[in-house]
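**Q** Read off the chains here:
2 protein chains.
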Amino acid sequence: MRRSPLIDHLKTCVTLSEEELSEILVFFDSQTYKKKETLLPEGKLCDKLFFVEKGCLQLYFIDSLGNQKTTQFAMENWWLTDFLAFQKQTPSNFYVETVEKSKVLSISFSKHQELLGKHPKMEKYFRTIYETAYGAALMRIKFINSLSKEEMFCMFRDSFPEFVQRVPQYLLASFLGLTPEYLSEIKKKQLS
Amino acid sequence: MRRSPLIDHLKTCVTLSEEELSEILVFFDSQTYKKKETLLPEGKLCDKLFFVEKGCLQLYFIDSLGNQKTTQFAMENWWLTDFLAFQKQTPSNFYVETVEKSKVLSISFSKHQELLGKHPKMEKYFRTIYETAYGAALMRIKFINSLSKEEMFCMFRDSFPEFVQRVPQYLLASFLGLTPEYLSEIKKKQLS
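Protein chains in written order, with this note's numbering: chain S, 1 to 192; chain V, 1 to 192.
Derived by calculation from the structure, the hints in this document are not laboratory data.
Possibly wrong hints are sitting among the right ones.
A pair counts as met if it fits within one copy or between any two copies, since identical chains are not told apart.
Stated by the list, open to error - Lysine to any residue pairs mimicking SDA-like chemistry, simulated, CA-CA at most 20 Å apart:
1) 34 to 185
2) 124 to 27
3) 111 to 62
4) 34 to 20
5) 189 to 105
6) 121 to 106
7) 34 to 10
8) 69 to 112
9) 121 to 13
10) 121 to 41
11) 44 to 21
12) 36 to 143
13) 187 to 106
14) 35 to 128
15) 44 to 22
16) 142 to 93
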């Protein structure tokens, strides 16, 4: 069987035989991308769901001033797309781009539907993934509405230390709603 | 069979026999609450998932200055809880409270697990619910990071007109991250 980190990730949530795992993997395409490659552009039909085997993706949009704003990152074992547009098969409201060289699995909407139909255990897997992601998004909105920018950075650094090391600082600043200069000031202050 | 709006909502997503629907409903408790009743307090084990049959709930927290901040509302056919705490069976990071007199179904974590085990079609239902909710939360974070407070209000009013009519203005202001005075100013400006 082709090896993929997805197999281990599936096993953390659902019990699947080796045969089932093999069958499931067939639904996915695997591709390696360079840093800063666009996997899905804004405005194009959102027909792909991505799983990061290695590397890092970001979900971003361009604001009215032309600034790139990061809404979500996805590192190893994370899923990413414009989930609403994927579900409704409408144009994407975001870009999906690699932050670093990445190995990514992708699945189209029709293949995803077929996968769920043939392997209903995958419903449990995705239910768990989305339940966690939605719960975390509500916590993030709570933090946005209660923490200062400095507190946001500290909480994020303490929760995801590897992440803060790996992601370029201008993207981290964009994700936290800061200017890169202000993030740099906060980091200096934290060190002193 | 006991009638519940949940039945119609389930039918929009999954095909279930009348017998299955009856069996599923048995897992839930139904209760009517007065306006401003607390269904789940912050800090208490989050052991309930709520479905609004009639009325409106809010998910809120108290910030460091003692202000009540609304993170999410749920009207008819919406599910609400601290989803992360429910999944992990940890203390809730939010309060769940009625905004108006409400009729609510609730299910405990163990009953929910039992329901999913006995009726795997419910995995598909909840996968769809959480997929939509997570996608919508990412869109909301995009709006928070790109729209002015006035644009946020207009977009929200145009997307959910009934909601803006029904929810008290101080709660709507809290949800949109505004002071009630500023929301009142925006509304006056929009009318003129």
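**Q** Taking the hints in turn, state whether each one holds.
**A** Going through the hints against the structure:
{"no.": "1", "hint": "34 to 185", "in the structure": "neither (31 Å within a copy, 49 Å between copies)"}
{"no.": "2", "hint": "124 to 27", "in the structure": "both (17 Å within a copy, 19 Å between copies)"}
{"no.": "3", "hint": "111 to 62", "in the structure": "neither (30 Å within a copy, 44 Å between copies)"}
{"no.": "4", "hint": "34 to 20", "in the structure": "neither (31 Å within a copy, 50 Å between copies)"}
{"no.": "5", "hint": "189 to 105", "in the structure": "neither (40 Å within a copy, 49 Å between copies)"}
{"no.": "6", "hint": "121 to 106", "in the structure": "within (19 Å within a copy, 25 Å between copies)"}
{"no.": "7", "hint": "34 to 10", "in the structure": "neither (26 Å within a copy, 43 Å between copies)"}
{"no.": "8", "hint": "69 to 112", "in the structure": "neither (28 Å within a copy, 38 Å between copies)"}
{"no.": "9", "hint": "121 to 13", "in the structure": "both (10 Å within a copy, 17 Å between copies)"}
{"no.": "10", "hint": "121 to 41", "in the structure": "neither (31 Å within a copy, 34 Å between copies)"}
{"no.": "11", "hint": "44 to 21", "in the structure": "neither (31 Å within a copy, 39 Å between copies)"}
{"no.": "12", "hint": "36 to 143", "in the structure": "neither (29 Å within a copy, 24 Å between copies)"}
{"no.": "13", "hint": "187 to 106", "in the structure": "neither (36 Å within a copy, 45 Å between copies)"}
{"no.": "14", "hint": "35 to 128", "in the structure": "neither (30 Å within a copy, 32 Å between copies)"}
{"no.": "15", "hint": "44 to 22", "in the structure": "neither (31 Å within a copy, 43 Å between copies)"}
{"no.": "16", "hint": "142 to 93", "in the structure": "between (23 Å within a copy, 9 Å between copies)"}
Checked against the numbered hints given earlier, the structure breaks hints 1, 3, 4, 5, 7, 8, 10, 11, 12, 13, 14 and 15 and satisfies all the rest.
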